[in-house]
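Please construct the entire structure, taking both the sequences and the accompanying hints into account.
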Amino acid sequence: MKYWVTCQNALLTTLAYRGNLLLHLLTTAINVLVAIFMWLAVYNFSGRSNIAGIQPNQMVIYLIVVNILALIFSAEPIFKFSSLVRSGNLSVVLIRPINYFIQSFWDYFGRAIPYLIVYGLTTGLVSPVFHRGLRYGLSSLLLMLITYGMFFLLITAISLCSFWLVQVWPLRPVLSALFLLLGGQAFPLQVLPSAVSWLIYNPFSLAGNQLTLLLLGKLSLYQIAIATGWAIIWTVVALAILKLTWQRGIHSYEGVGS
Amino acid sequence: MFKIYRVLVTQSLAETMTYRVTTILTALFGTLFYGIDLITGGVYFSFTPTIYGWNFLDYLNLITTANIISYAYQFLFVAAHEDLTDQILSGNLDYSLLRPVNSYWFHACYRVDFPSLVTLLLTGIIEGVILAQLHPTLLNLLLYLVAVIVGVAFVFALNQIMVTLAFWVDGLTALNGLPEDLMTASAQPAKIYPRIIQQLFLWVIPSLAVTNVPAQFGHNRPTWLLLWTILVTGLLLAISYIEWQRGLLKYVSAN
Numbered sequence: 001m002k003y004w005v006t007c008q009n010a011l012l013t014t015l016a017y018r019g020n021l022l023l024h025l026l027t028t029a030i031n032v033l034v035a036i037f038m039w040l041a042v043y044n045f046s047g048r049s050n051i052a053g054i055q056p057n058q059m060v061i062y063l064i065v066v067n068i069l070a071l072i073f074s075a076e077p078i079f080k081f082s083s084l085v086r087s088g089n090l091s092v093v094l095i096r097p098i099n100y101f102i103q104s105f106w107d108y109f110g111r112a113i114p115y116l117i118v119y120g121l122t123t124g125l126v127s128p129v130f131h132r133g134l135r136y137g138l139s140s141l142l143l144m145l146i147t148y149g150m151f152f153l154l155i156t157a158i159s160l161c162s163f164w165l166v167q168v169w170p171l172r173p174v175l176s177a178l179f180l181l182l183g184g185q186a187f188p189l190q191v192l193p194s195a196v197s198w199l200i201y202n203p204f205s206l207a208g209n210q211l212t213l214l215l216l217g218k219l220s221l222y223q224i225a226i227a228t229g230w231a232i233i234w235t236v237v238a239l240a241i242l243k244l245t246w247q248r249g250i251h252s253y254e255g256v257g258s
Numbered sequence: 259m260f261k262i263y264r265v266l267v268t269q270s271l272a273e274t275m276t277y278r279v280t281t282i283l284t285a286l287f288g289t290l291f292y293g294i295d296l297i298t299g300g301v302y303f304s305f306t307p308t309i310y311g312w313n314f315l316d317y318l319n320l321i322t323t324a325n326i327i328s329y330a331y332q333f334l335f336v337a338a339h340e341d342l343t344d345q346i347l348s349g350n351l352d353y354s355l356l357r358p359v360n361s362y363w364f365h366a367c368y369r370v371d372f373p374s375l376v377t378l379l380l381t382g383i384i385e386g387v388i389l390a391q392l393h394p395t396l397l398n399l400l401l402y403l404v405a406v407i408v409g410v411a412f413v414f415a416l417n418q419i420m421v422t423l424a425f426w427v428d429g430l431t432a433l434n435g436l437p438e439d440l441m442t443a444s445a446q447p448a449k450i451y452p453r454i455i456q457q458l459f460l461w462v463i464p465s466l467a468v469t470n471v472p473a474q475f476g477h478n479r480p481t482w483l484l485l486w487t488i489l490v491t492g493l494l495l496a497i498s499y500i501e502w503q504r505g506l507l508k509y510v511s512a513n
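So the protein lines, in turn, are chains G and Z.
Residue 126 in the working numbering sits at position 126 of the first sequence, and the numbers go up by one each step.
Count along the second sequence starting at 1, add 258, and that's the number in the working numbering.
No lab work stands behind these hints: they were computed from the structure.
Predicted model only: the values in this text are computed from it and were never measured.
Be aware that one or more of the hints could be misleading.
Counterexamples of contact, computed for chain Z against chain G with all Cβ distances above 10 Å [unchecked claim]:
(1) 315
(2) 354
(3) 364
(4) 386
(5) 483
(6) 499
(7) 506
Restraint-style ranges between C-beta atoms, simulated for each label pair [stated by the list, open to error]:
(8) G/52 <-> Z/479: 31 to 41 Å
(9) G/2 <-> Z/461: 51 to 61 Å
(10) Z/300 <-> G/252: 40 to 50 Å
Not everything, but these chain Z residues come out facing chain G in the computed CB check (under 10 Å) [what the hints assert, rightly or not]:
(11) 302
(12) 304
(13) 308
(14) 310
(15) 436
(16) 447
Glycine residues also receive a C-beta, built at the ideal position from the N, C-alpha and C atoms.
Dropping the structure here:
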């Protein structure tokens with residue numbers, strides 16, 4: 001219950017600055033429109049009705065959904081944790097009767113609720129995911145949940161570099177660039193040559209490209225299983241990094257300012 | 259005024275040398291996003307040789323020119339604009355208002371961002387190579403340069419208008435990112451957009467014209483739209499100047 005309050009607060013924080021939220025959505029919409037018009041022009045001038053198995057109307061949905069996912073899978077926990085370490089306020093968090101990581105997860109979840117609702121509604125109403133039988137629906141749901149947890153853990157693991165780095169802002173453009181290129185936000189990774197097809201199983205692609213293709217009903221049950229397997233592997237990697245670096249980081253933490 | 263600007267540039271250089279790692283990282287990230295634009299363009303043109311009459315080289319010319327405009331703005335004004343919002347909100351303009359200088363230009367030119375100079379030079383060299391392949395006439399080359407300078411002034415005016423809104427609006431930080439997003443969206447051939455969007459961003463807020471016009475001069479397709487962008491940019495600069503003076507009347511000192 002105590003974590004639920006964190007979740008509510010995070011949601012309220014997102015909604016409190018409505019002007020900023022709306023402008024943020026507007027700028028995202030502009031970027032999506034640019035990509036949509038450019039891809040429609042590519043379809044038009046190439047004379048193809050299918051690029052990498054994606055039709056023009058599906059490409060429009062792809063670009064909208066992958067950009068919503070980019071909003072859901074934010075890197076915000078990194079900057080929040082960095083601020084706690086630099087100000088020394090981490091000490092206050094540590095003496096509270098809470099688990100910081102669980103609280104951080106609910107904060108992460110709460111901030112993304114408006115976007116998660118959009119993704120959930122699109123999946124439930126537009127996507128064929130839940131009309132292909134119970135097994136397919138449950139497998140899809142499992143992939144979504146594991147990918148969400150995996151990405152949060154990965155971002156949390158990266159955030160621990162704040163114990164050693166004074167400034168972590170350079171990670172913001174790097175992670176944005178990674179999501180653009182490796183997450184399939186700039187273009188679906190399926191358009192790349194088959195020699196680099198293994199790229200679709202990187203964590204950014206699982207969160208962006210694969211979840212979008214899932215919503216479009218483009219993944220077979222076998223592909224869902226493979227993607228889930230990779231999501232589990234990345235989860236284990238993130239957990240291992242977390243376990244290793246937390247102990248070392250907390251020993252080097254000086255609590256300045258607390 | 260030139261002496262003051264020289265001092266401000268020297269101070270900026272000293273700051274840049276103090277934060278060397280930040281400088282290197284900023285330059286790297288600028289290059290990174292330009293690289294993503296190139297790769298994305300490469301993906302588009304791997305399916306078709308031309309889009310609305312633009313081939314890959316024309317497209318490269320367009321996005322590189324758009325990046326040059328963006329980096330030139332960042333080099334000359336972005337650091338000053340980032341600083342200005344804080345100065346207005348915290349009521350710290352007094353020191354500059356007391357000085358016998360024009361406060362509008364003093365704050366607009368308060369700092370230059372040297373890391374952006376690295377990416378500006380890099381994209382400038384690449385554009386030089388592209389133009390060498392496109393063979394614009396001397397006149398078109400000169401008009402290309404004029405169009406780029408007008409583009410930088412246009413981006414500056416848009417940002418100046420947004421930043422100065424801090425005199426009236428507090429906390430709407432996303433507003434400051436709007437011109438950047440608009441210019442990113444405008445780094446595409448105008449013809450990909452529906453007619454209504456084209457008309458809006460070629461004539462009313464000519465962000466598409468600002469990027470497309472120099473690119474057209476680059477591949478020897480001169481356009482009278484340049485005169486319109488000069489006119490609108492002049493108008494926006496005048497609006498930003500009036501807005502600044504009105505804003506100063508609204509300003510409350512914290513000293």
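Status of each hint after checking the structure:
no.: 1; hint: 315; verdict: holds (16 Å)
no.: 2; hint: 354; verdict: holds (27 Å)
no.: 3; hint: 364; verdict: holds (28 Å)
no.: 4; hint: 386; verdict: holds (26 Å)
no.: 5; hint: 483; verdict: holds (20 Å)
no.: 6; hint: 499; verdict: holds (25 Å)
no.: 7; hint: 506; verdict: holds (24 Å)
no.: 8; hint: G/52 <-> Z/479: 31 to 41 Å; verdict: holds (33 Å)
no.: 9; hint: G/2 <-> Z/461: 51 to 61 Å; verdict: holds (56 Å)
no.: 10; hint: Z/300 <-> G/252: 40 to 50 Å; verdict: holds (43 Å)
no.: 11; hint: 302; verdict: holds (5 Å)
no.: 12; hint: 304; verdict: holds (8 Å)
no.: 13; hint: 308; verdict: holds (6 Å)
no.: 14; hint: 310; verdict: holds (7 Å)
no.: 15; hint: 436; verdict: holds (7 Å)
no.: 16; hint: 447; verdict: holds (8 Å)
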